[in-house]
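Using the sequences provided together with the hints, build the complete structure.
Protein chains: 2
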Amino acid sequence: MLIVGEKINTSRKAVKEAVANQDSAFIRNLARRQAEGGAQYIDINCGTFINRERELMTWLVEEVHKELDLPLCIDSPDPKAVSAGLAAHKKGQPMINSISGEKDRYRAILPLVKEYRAKIVVLCMDDEVGIPHDAQTRFKIARRVIDGLLEIGTPEDDIYVDPLIQPISTDTVNALSALDTIRMVKEAYPGTHAVCGLSNISFGLPERKLLNQTFMIMCMTAGLDGVILDPTDKRMMALIATGEALLNKDPYCGRYLKAYRKGILSQGQA
Amino acid sequence: MLIVGEKINTSRKAVKEAVANQDSAFIRNLARRQAEGGAQYIDINCGTFINRERELMTWLVEEVHKELDLPLCIDSPDPKAVSAGLAAHKKGQPMINSISGEKDRYRAILPLVKEYRAKIVVLCMDDEVGIPHDAQTRFKIARRVIDGLLEIGTPEDDIYVDPLIQPISTDTVNALSALDTIRMVKEAYPGTHAVCGLSNISFGLPERKLLNQTFMIMCMTAGLDGVILDPTDKRMMALIATGEALLNKDPYCGRYLKAYRKGILSQGQA
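These protein sequence lines map, in sequence, to chains R and E.
Residues 85 to 354 (this note's numbering) make up the first sequence, in order.
Residues 85 to 354 (this note's numbering) make up the second sequence, in order.
The reader is advised that the hints may include incorrect statements.
Which copy? The list can't say, so a pair holds if one copy fits it or any two copies do.
Claimed, not checked - Straight line, CA to CA, 20 Å or less: simulated EDC-like cross-link-like pairs of lysine to aspartate or glutamate: (1) K346 - D334; (2) K187 - E212; (3) K333 - D218; (4) K346 - E120; (5) K333 - D255; (6) K164 - D188; (7) K342 - D255; (8) K293 - D334.
Please keep in mind that the hints were generated in silico from the structure rather than gathered at the bench.
Structure (structure tokens):
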């Protein structure tokens with residue numbers, strides 16, 4: 085399971101303030117804590133600073149690289165901000181979040197994937213339908229984008245398909261659509277990966293953590309092998325360790341037992 | 085999700101004592117508490133009393149029927165004890181736990197299914213291989229037994245296939261084998277159901293509840309729609325309500341919201 089730490093995102097108020105004040109210590113500490121929680125990639129998103137996004141993306145990438153040796157997930161709908169982040173990225177293989185079936189984004193991001201040999205998140209949406217209601221249409225869009233990525237030589241192993249999670253409060257079929265999309269993509273392209281953020285599933289309902297945690301296990305069962313989340317959430321990290329042991333992704337349950345001895349599993353129960 | 089309460093089982097020490105002493109109040113209270121927790125069937129198992137099983141099965145069925153209007157799950161490997169339980173069963177459609185591919189058991193239980201129009205649990209095992217290691221062989225046995233049940237006129241809706249859960253501590257592929265068996269049976273016979281007990285999955289490992297709960301969600305994702313468990317376990321019951329909301333089995337999330345208002349979901353977090 086590829087763990088992408090989601091916390092450096094300026095849609096969160098404390099992060100927005102820290103970025104506005106160029107509070108290097110705050111950002112570096114937030115990166116460090118996510119790495120300690122188990123993040124393998126740190127997502128960087130400063131999309132709320134519409135006119136300064138490129139400059140701030142560069143600053144954030146440099147600051148986090150000063151603190152950690154982890155690679156980063158450059159997260160923006162603006163190809164120019166993505167390009168700025170990639171240019172500043174120096175440690176390991178960067179990840180781009182994201183490409184989609186939207187024509188402009190597709191055309192602008194595709195060459196960056198090739199130039200930087202980046203891992204790439206594929207959103208199952210396009211200009212025509214936006215985010216499709218059903219799994220079939222999501223899969224159709226994913227297939228189009230994946231085929232384009234494969235054509236320019238992207239290894240399947242670098243491709244992470246995001247089915248896009250919509251709340252079950254607006255339509256109770258939304259979780260099933262996402263699960264089916266994951267299954268269909270993994271069946272058609274077994275070498276690719278599936279990734280998503282989880283919390284949108286529970287929007288508008290009470291006990292959101294319970295829904296998010298339960299949905300995480302469902303997605304893993306369907307084939308999810310990457311996730312964008314808060315790696316300092318101990319219960320969620322305990323569930324991932326447990327899920328991997330059950331899904332035969334943890335030889336001899338070794339990581340599960342190690343997590344137990346470190347006290348991570350029982351902390352996660354609280 | 086069909087909830088079968090598992091607690092009236094003489095392999096549990098307190099139950100064994102209560103049955104030995106014909107402690108009617110204890111048994112009736114245990115039945116009542118399971119019904120209040122959400123059980124739709126109450127499992128009755130007194131298999132540890134090898135020489136008195138028939139007589140005690142009759143007594144237990146009568147006692148529980150005095151307390152509750154729920155139907156019961158007559159649970160024994162001995163067809164004569166099953167027959168005794170069925171003869172005493174008076175409220176609703178009984179469930180037999182279980183038939184299997186084992187020749188003697190198959191021959192003896194099949195006519196009881198027909199005579200009592202019972203729901204029937206199908207264990208994926210036979211004389212030749214015991215409990216198979218892989219999903220393919222389990223499915224093959226299930227298919228043989230299901231076809232036999234259909235031939236005598238059993239409705240698909242009365243058939244509950246139990247993939248048989250083996251601990252991941254002895255082989256890390258065991259959870260996947262069970263999940264794949266559930267998927268294969270539901271694909272081949274969409275009108276049938278899948279049921280299992282969960283706790284065996286975690287045998288030999290620490291933090292068993294975490295494993296059992298996580299595996300429950302995985303099984304639901306694969307198509308499980310019946311479970312034999314302790315319905316007084318609030319966390320597990322909260323997870324089932326959450327899982328059904330996510331899997332589009334709860335129109336408008338109505339039962340989920342009702343469970344929330346009753347405080348069941350947050351109790352389940354503890």
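Hints that the structure is at odds with (numbers, increasing):
Violated hints: none; all satisfied.
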